[in-house]
Amino acid sequence: MRISIYRYNPETGTDPYMQDYTIEPEPGDKKLLDVLMRLKTVDDSLSFRRSCREGVCGSDAMNINGRNGLACITALSALKEPVVLRPLPGFPVIRDLVVDMTQFFAHYHAIKPYLINDGVPPERERLQTPEQRERLDGLYECILCACCSAFCPSYWWNPDKFIGPAGLLQAYRFIVDSRDTATAERLAYLDDVYRLYRCRTIMNCTEVCPKGLSPSHAIERIRIALLRASS
Amino acid sequence: MRSPVGGAPKFLNLFHIRFPIGAIASIGHRVSGVLLLISLPLLALTLERSFSSKAAFEALRTAVETPWWGLFLVVMVWAAAQHVLAGVRHLLMDIGIGSPLVEARTSAWAVILTAAIIGLAGAIRWLA
Amino acid sequence: MKVFYGQRAWLLQRASALALLLILALGAALLLVGPPLTYERWHGLATSPHGAVIIVLFFAALSLHGWIGARDIVLDYVHSLPVRLSVLAIIAVILFAVVIRVALTMAAQLSLVS
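Line by line, the protein sequences give chains A, B and C.
Numbering of the first sequence is given in my numbering, commencing with residue 1 and proceeding in unit increments.
Numbering of the second sequence is given in my numbering, commencing with residue 1 and proceeding in unit increments.
Numbering of the third sequence is given in my numbering, commencing with residue 1 and proceeding in unit increments.
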């Protein structure tokens, strides 16, 4: 199997370049990550992140044949050769396929990704009806792999100001939570030409989400919620 | 927040990115919008000319039959069709109609193909 | 004060789009359904008080819609503040001039008729 991988080492001072590898997958190799791990035994200078190897930790997001995805849940059989692997688009490259996620997580923290409730804490948990709980479906499952934000043109052009699909999906997860009392503040924070309104509904985010979530739908709901709040 | 890795490279070569159909529809919306915006002053002047006299009005109509103005008109007809159709798609998606991914993909294809057909019809009408 | 608005611009973009769609539909209905468009018919339709107002509204909506779109494009691609402000200023002046010019044209047509 032929694989072409984006290589960059800040210590050598050379520009990034593509390196071609040929490697035969063993019978047990089913996913792209399996082959990458095998490559690593041949060329230990090759760098990439991985941890859970089953699509839960979100570490091994990369650009696979021009689209963002997780190497660990990308089936080898579905890939056209040569498989071209590049780091997440628009993110600063630390080394090879490892990108700097600092800004991405700064946006995540900015939307206050935790429950805010100024009421008196109940003796036991804050209860929700099944309907209220259902509204969190499709939102809480996000693993923050950054596949979506790194495939969003609006995020490419304004990565420092636009919160991006991942952060906005998380923002909506708390806006819609019946137990959260900071909805107005959350909406007010998002009513900004950069933070929310850079989204042009391109839907690249929803196209590449490895968990099948729809950040574009969350953004659509935030805009409606803002409209309701201001009228 | 500042990135701790100053001067780090980025991969952002758009030719190496495989864009979904929704992204193509979106860039079509943007390109057609720019074309329409650029031609807006010309449209205002054309409007003015069309009132000035019967002869001027007829001259505008015959100008369309010349190749260069015909070509310009075909491009503008495509741009208007693309922009209006993609715009209606966005307005509907704003209120939740057709915003699930599968439907959005279908409508993106529909917009691009319909605008292309309208542009082609314009080409047959004014250029053939 | 914010220089660029979020929700207001987003709303105006959609409101102007709806106005444009409405006027386009009206224009298409008039031009396609009625008798062939001669100079006399065009002049009569366009320079009636209703026609003139609708045409001015059409260009005003076009300019507003174009302004928000152009602003979005500039916010995406132009990041140097002096260049950004210059480009936006040029676009604003041109769009403003277009609306003024069309308004004057239609006013002149109306006064000619009356």
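These aren't lab readings, by the way, just hints derived from the structure by calculation.
Note that the coordinates shown come from a computational prediction; the quantities given were computed from them, not determined experimentally.
Built from N, CA and C at the ideal position, the CB exists for glycine as well.
Check the hints yourself; a few may be wrong.
[As the list claims (entries may be wrong)] Taking lysine-lysine pairs in the DSBU-like style, the calculated list, with each CA pair at most 30 Å apart, reads:
(1) B/K54 / A/K211
(2) A/K161 / B/K10
(3) A/K40 / B/K54
(4) A/K112 / B/K10
(5) A/K211 / A/K40
(6) A/K211 / A/K30
(7) B/K10 / A/K80
(8) A/K112 / A/K80
(9) A/K211 / A/K161
[Unchecked claim] Restraint-style ranges between C-beta atoms, simulated for each label pair:
(10) C/I100 / B/L92: 47 to 53 Å
(11) A/S231 / B/I97: 34 to 40 Å
(12) A/E141 / B/V34: 49 to 55 Å
(13) A/Q132 / B/G7: 45 to 51 Å
(14) B/G7 / A/A106: 51 to 57 Å
Do the hints match the structure? See the list:
1. A distance of roughly 64 Å separates the Cα atoms of B/K54 and A/K211; the hinted pair therefore is violated under the 30 Å criterion.
2. Distance hint between A/K161 and B/K10 is fulfilled; the C-alpha atoms sit about 18 Å from each other, no more than 30 Å.
3. Among the hinted pairs, A/K40 with B/K54 is inconsistent with the structure: their alpha-carbon atoms are about 78 Å apart, more than 30 Å.
4. Pair hint A/K112 plus B/K10 holds up; C-alpha atoms about 28 Å apart against a cutoff of 30 Å.
5. Simply put, A/K211 and A/K40 have alpha-carbon atoms about 26 Å apart, close enough for the 30 Å limit, and the pair holds.
6. Annotation: proposed proximity of A/K211 to A/K30 holds, straight-line Cα distance about 19 Å (limit 30 Å).
7. Of the pairs offered as hints, the one joining B/K10 and A/K80 holds, with about 24 Å between alpha carbons and a cut-off of 30 Å not exceeded.
8. Restraint check: the Cα-Cα separation between A/K112 and A/K80 comes to about 41 Å, which exceeds 30 Å; the hinted pair is violated.
9. Between A/K211 and A/K161 the CA atoms are separated by roughly 25 Å; this keeps the pair inside 30 Å, and the hint holds.
10. In this structure the hint that C/I100 and B/L92 lie 47 to 53 Å apart at CB is violated, the actual value being about 34 Å.
11. The supplied range of 34 to 40 Å is broken by A/S231 and B/I97, whose beta-carbon atoms lie about 20 Å from each other.
12. The given range of 49 to 55 Å is broken by A/E141 and B/V34, whose C-beta atoms sit roughly 38 Å from each other.
13. Range check, A/Q132 to B/G7: about 48 Å between beta-carbon atoms, so the 45 to 51 Å window is met.
14. At about 19 Å, the beta-carbon gap between B/G7 and A/A106 misses the expected band of 51 to 57 Å.
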